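Each chain, written out:
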Amino acid sequence: MMHQLLKPVSATWLFLMLATSLSWWLGQDQAFSSDISSDYRIVSSGLMLIAFIKARIVIRYFMEVREAPLALKLVCDTWLVLVCGAIIYLYWFGSAVSAI
Amino acid sequence: MNTKAQLFCAWCGVSFLILFTLGWWFIAGYIPPMSPAMSANEVAAFYQENTGLIRLGIVITMFSAALSAPWVAVIAVQLKRIEGDFPALTYALLVAGAVGVVVLVVPPMVWTTAAFRPERDPELIMLLNDFGWLFFVMTFSPFFIQNLVIGLAIFSDKASSPVFPRWVGYFNVWVAILLIPGGLITFFKIGPFAWDGILAFWLPLLVFFGWFLVMFPLLLKAIKQQVLLVESE
Amino acid sequence: MSEASEYVKKTKPHVPGEVGIWVFILGDMVIFGLFFIVFIYNRGLNSDVYFQSQATLNQNYGAINTLFLLASSWFVAMGVDDMRRKVVRLAPLFFTLAMLCGLGFGVVKIIEYREKISAGITLTTNDFYMYYYIFTGLHFLHVLIGMGVLVFLWLKARAAVQRSADTSITKKENEKENEMMLIESGASYWHMVDLLWIVLFPLLYLMK
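Just so you know, the protein sequences line up as chains A, B and C, in that order. Under the numbering used here, the first sequence has 4 at position 4, and the numbering climbs by one with no breaks. Under the numbering used here, the second sequence has 17 at position 17, and the numbering climbs by one with no breaks. Under the numbering used here, the third sequence has 162 at position 162, and the numbering climbs by one with no breaks.
These are computed hints drawn from the structure, not numbers from a lab. Take these hints with a grain of salt, some might be off.
Using C-beta positions, here's what the derived DEER-type ranges look like [claimed, not checked]:
#1 L213/B / S47/C: 45 to 55 Å
#2 I145/C / D121/B: 26 to 36 Å
#3 M180/C / M34/B: 50 to 60 Å
#4 V81/A / A88/B: 36 to 46 Å
#5 L18/A / P32/B: 26 to 36 Å
#6 G85/A / W167/B: 34 to 44 Å
#7 I110/C / V14/B: 43 to 53 Å
#8 E119/B / I110/C: 51 to 61 Å
#9 K224/B / R85/C: 40 to 50 Å
Predicted, not measured: the structure shown is a model, and the values here were computed from it. Here a beta-carbon is modelled for each residue, glycine too, at the ideal position from N, C-alpha and C.
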């Protein structure tokens with residue numbers, strides 16, 4: 001049984017669980033202090049970044065893309081960067097974009 | 001072997017794309033799609049101001065829709081090569097494809113009915129317009145089944161030289177799933193899931209058209225492969 | 001150290017599963033990426049409505065569901081690893097556990113939907129709920145398909161265990177390779193389902 005827990009995938013899973021718990025905690029109201037209006041936006045952006053880091057870990061370790069050809073690695077990373085970037089950008093500057 | 005007939009059918013598919021775009025977009029002006037939130041008067045105005053162009057464009061659109069029939073048929077011929085003597089999925093494709101022709105033919109007829117007497121009560125014009133749009137965008141089901149059975153047939157291909165590469169099966173399943181959002185337009189008059197919305201209209205439309213463009217060269221290749229196989233016998 | 005020799009690192013690049021499944025997986029990821037972007041863009045136009053509606057979502061349900069899917073992915077990864085060994089033993093158990101996690105996800109989701117619907121919140125209530133129902137609904141559809149995939153993996157695992165036990169049955173080398181390819185494909189699909197929820201959860205439930 002112990003050898004199952006010592007595998008890299010198990011360490012990966014543990015890390016992902018912790019990251020999820022952290023995100024859940026950060027998402028609670030007490031983490032969003034009401035005074036500084038941009039404060040909650042930083043936390044929210046952080047949550048998105050954590051999510052995409054988790055996603056990358058799932059892709060690399062669970063899906064085993066770590067051992068895949070470079071092309072697949074690049075495509076996956078491109079997706080991560082583009083989607084995460086677009087989300088965070090629109091989250092901060094969305095109303096400016098729609099004013100165009 | 002009837003290579004010419006098969007090639008003709010495959011080219012019908014391409015012709016469908018070209019003529020449909022010509023009629024529905026360039027002439028009749030249905031692209032960009034009008035909003036379901038428009039008032040009856042605004043809808044009536046569309047039919048009154050563009051009557052001649054709508055009537056002409058729709059004739060071409062309605063005609064082009066039938067060109068999807070030979071296209072589906074030639075795909076069925078290739079699937080039958082995979083399935084052999086008991087081609088259930090091939091038959092399913094034919095049935096779904098036939099219904100697909102209906103789904104593509106009827107909405108243009110409904111729209112042209114609105115343009116037939118554009119001086120009618122605007123509420124009646126809007127009713128016909130609604131009917132056309134809902135019938136056109138929401139009926140994803142025959143096309144969903146079409147793509148699904150193509151995917152399943154390709155997965156079942158155990159030959160050493162398959163008719164279609166396996167990734168094409170996955171591609172068809174993906175296309176099938178992406179047609180589903182069209183079904184949501186009944187709930188919304190604005191937004192991405194309305195009949196003019198990016199996720200319920202544009203996405204399925206682009207995916208549907210893109211499917212033709214991907215399948216066409218693959219079909220030509222499969223037909224060529226069939227010719228070579230038959231000749232080597 | 002027999003573990004290390006069985007836990008073979010592939011020296012040359014290897015596409016997990018088959019190329020075709022990645023056409024589907026990447027395609028699906030692109031579409032959900034589009035969904036995410038459309039959501040955030042529209043949110044920016046009307047963030048008050050979104051903010052208030054989001055407050056009615058149960059973050060605990062969302063977090064529990066994330067943990068369920070993460071655990072199920074872990075079990076699937078363990079199951080796949082077990083299938084690579086000469087003697088397959090635990091793979092069926094792992095896939096069963098993964099299925100149970102998937103079931104847990106489903107149960108929580110249904111409870112959540114029922115709570116919302118009986119409170120009178122439907123997909124036409126406002127824009128936020130439209131996205132909430134449609135995106136989580138489409139994702140749930142993927143989970144249901146995934147449960148089918150897990151059943152398939154479980155059946156393969158069981159057959160492999162029986163083959164391990166019965167030395168009179170041997171599988172040809174390339175048949176075994178094909179089987180592993182199918183198993184990796186199925187596993188990759190399930191990990192994608194996990195991945196999409198990992199982004200969906202903070203996007204809908206947490207980001208303010």
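Now for the hints, and whether the structure bears them out:
no., hint, verdict
1, L213/B / S47/C: 45 to 55 Å, "39 Å, violated"
2, I145/C / D121/B: 26 to 36 Å, "47 Å, violated"
3, M180/C / M34/B: 50 to 60 Å, "53 Å, holds"
4, V81/A / A88/B: 36 to 46 Å, "45 Å, holds"
5, L18/A / P32/B: 26 to 36 Å, "48 Å, violated"
6, G85/A / W167/B: 34 to 44 Å, "28 Å, violated"
7, I110/C / V14/B: 43 to 53 Å, "46 Å, holds"
8, E119/B / I110/C: 51 to 61 Å, "53 Å, holds"
9, K224/B / R85/C: 40 to 50 Å, "44 Å, holds"
The structure fails hints 1, 2, 5 and 6 (numbered hints given earlier, in ascending order).
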